[in-house]
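Chemist: Sequence:
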Amino acid sequence: MSLFYKEEHTTCYHYTMLASANFQILHFNVSHLPQLIEVDRSVLIFLLSGEARVTCNNYRDRHQREGEMLLLPCNSCCYVKIIKECTIISCSFLPNVDFCSSFSFHDLARYIPENYSYDFPVLPVRERVAQCMTLLRQCLQDGVSCAHYHTLKERELFILLRAYYSKEELAVFFFPLLGKDVDFKDMVLMNYRSVRHINEFAELAHMSTDTFKRRFKDAFGEPVHKWMTQRKAELIYRDIVLGQKTFAEISIEHDMSSQAYLSTFCKRHFGDTPQNLRESSSFDTVLNLRT
1 MSLFYKEEHT TCYHYTMLAS ANFQILHFNV SHLPQLIEVD RSVLIFLLSG EARVTCNNYR
61 DRHQREGEML LLPCNSCCYV KIIKECTIIS CSFLPNVDFC SSFSFHDLAR YIPENYSYDF
121 PVLPVRERVA QCMTLLRQCL QDGVSCAHYH TLKERELFIL LRAYYSKEEL AVFFFPLLGK
181 DVDFKDMVLM NYRSVRHINE FAELAHMSTD TFKRRFKDAF GEPVHKWMTQ RKAELIYRDI
241 VLGQKTFAEI SIEHDMSSQA YLSTFCKRHF GDTPQNLRES SSFDTVLNLR T
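Residue 92 in the UniProt record's numbering sits at position 92 of the sequence shown, and the numbers go up by one each step.
Everything labelled a hint here was simulated from the structure, so no lab data went into it.
It is possible that part of the hints are untrue.
Under the rule of at most 30 Å between Cα atoms (straight-line distance), these lysine-lysine pairs were calculated in the DSBU-like manner [as the list claims (entries may be wrong)]:
id: 1; residue 1: LYS180; residue 2: LYS213
id: 2; residue 1: LYS213; residue 2: LYS267
id: 3; residue 1: LYS217; residue 2: LYS267
id: 4; residue 1: LYS167; residue 2: LYS180
id: 5; residue 1: LYS84; residue 2: LYS153
id: 6; residue 1: LYS180; residue 2: LYS217
id: 7; residue 1: LYS245; residue 2: LYS217
id: 8; residue 1: LYS81; residue 2: LYS245
id: 9; residue 1: LYS153; residue 2: LYS180
Computed beta-carbon distance windows for the label pairs [to be verified]:
id: 10; residue 1: SER101; residue 2: ASP142; range: 17 to 23 Å
id: 11; residue 1: GLN244; residue 2: MET207; range: 32 to 38 Å
id: 12; residue 1: HIS197; residue 2: HIS27; range: 39 to 45 Å
Here a beta-carbon is modelled for each residue, glycine too, at the ideal position from N, C-alpha and C.
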């Protein structure tokens, strides 16, 4: 359907450019090569059609099908291999969003099951949410991309999640973004790629190193050194298999003393040398769901 007065819409200050849009429609053709996905805000993925295998951080090669919704946390390392031609809608958001005026995003933490172990769960896209996505897709394709429209549709989406999913379902789904100290957790996820050492993180958070370590373990349930090493390993693996940087550049960027140490690190964490990892994994392209 065509828009009336299209030029008035597209020249308006509030007309949303693709890079700053909350919602995007993306189409993927079948590819034997994995594609790297970059997310600098947490993103909800609605798989409208097709099939894909998704890797997010250390949750590898998960088979996702039409009619499923998944969460890619802020700054996670994500790869996707398209099995059947896919159409998705992505929704980037900040965790300060509320489900409604009486139930905040942070309230979900109370509904996390005791001793719950996160395993990258998906949720079915239920009928009313699917209808919302269908209308959203049609309007975006028509060219309705006002920033206010994106904001209203995000609010509508979270109201629908509140209405058609149990609090327990939402709690385990959004688990990576929840915890005892959500603001602190969000700060860590937003900034961990820009720091190399724990003391830098502590300075960024305006804390002593010991205080930062205690607060981190309370929020994430594991020592900061272990968590940062795992994230570092994921980023190194990404840079190796993407193939756009030399091993010397990767060593320098990830604060390694030499290429020999990079090789030792890879053997310890991935069971092989950087060269063998690069030769066995080829990436097709890089997709940025939020810039």
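Chemist: Any of the earlier hints contradicted here, and which numbers?
Modeler: 7 and 10
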